[in-house]
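Chemist: Residues in the sequence shown are numbered from 469 upward in steps of one, following our numbering.
Note that these hints are calculated values from the structure, not bench results.
Bear in mind that the values here come from a model prediction, so they are computed numbers and not experimental data.
Backbone N, C-alpha and C fix where the C-beta goes; we use that ideal spot for every residue, glycine too.
Pair by pair, the computed Cβ-Cβ distance ranges are:
#, residue 1, residue 2, range
1, Glu-653, Asp-581, 19 to 27 Å
2, Tyr-697, Gly-504, 15 to 23 Å
3, Ala-642, Arg-498, 35 to 43 Å
4, Asn-484, Gly-705, 23 to 31 Å
5, Tyr-697, Arg-632, 21 to 29 Å
6, Leu-670, Arg-498, 17 to 25 Å
7, Ala-502, Leu-525, 16 to 24 Å
8, Gln-639, Gly-488, 44 to 52 Å
9, Thr-714, Asp-549, 41 to 49 Å
10, Arg-498, Glu-640, 33 to 41 Å
11, Asp-526, Gln-639, 40 to 48 Å
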Amino acid sequence: MVRLSVNVNKVATLRNSRGGDEPNLAEAVRTCIAAGAPGITIHPREDERHIRRADVLDLADVLAPLRDEVEFNIEGDPRPDLMDLVYDIRPHQCTLVPVAPGEITSQAGWPPDTSAGLLRGIIDRMHEHGIRVSLFVDPDSDAIEWAARLGADRIELYTEPFARAFERGPQEAAASFSAYAAAAELAAQLGLGINAGHDLNLANLALFRDLPHLDEVSIGHALISRALYVGLETAVGEYLEAVKPTAARSSD
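Could you build the full structure based on these sequences and the hints that come with them?
Modeler: See below:
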């Protein structure tokens with residue numbers, strides 16, 4: 469089954485827009501878990517525009533007693549202060565993501581010509597701490613082979629291009645999905661697990677959930693937006709249903 473990891477950055481964004489502690493991030497995480505979410509994702513950026521350092525520590529405490537049931541995934545660029553925090557907390561997974569100056573959200577995966585020296589030591593140290601490492605990449609064979617050479621455990625496929633293709637109609641959606649499927653097959657051949665995320669939603673998951681070898685999807689903006697209309701527990705439930713592969717749904 470495909471694991472749903474709920475990205476709660478947007479909850480922190482809403483809280484920070486007004487100051488104080490509402491909505492409470494830890495309570496939102498508990499609500500997601502009560503609704504059945506098997507994973508929680510956060511992306512602490514250097515400017516703390518949403519997730520703050522204190523949030524990382526608070527959520528680590530919330531999730532520690534649930535370690536066997538709920539996976540904790542910390543995304544971020546490999547800056548020293550964040551990496552030290554990850555080594556200390558030891559989440560199940562750390563997803564390393566490149567950051568472009570001034571970006572609002574992630575815009576691309578790691579370029580395959582990125583120096584191995586930038587990441588190899590970090591990946592090795594993550595493994596020493598028992599942390600699974602995923603690298604955020606485009607559905608590009610060079611990038612996937614680069615991730616495998618670095619010793620990553622998984623890749624996270626950057627899915628915004630698929631989401632835009634889906635919006636343009638079924639023909640372009642099918643062509644884009646085929647490219648992602650080929651990338652997933654290559655990753656599996658190289659021994660990499662496959663995660664995916666960015667602009668996935670209830671509509672486009674109807675196609676993307678059948679990606680070969682898909683292990684996990686990280687969904688934040690669309691799920692939290694949906695929660696404004698139907699409530700957080702209901703939104704999580706809808707996405708848990710949406711990530712079930714077609715074959716699994718037909719057997720229910």
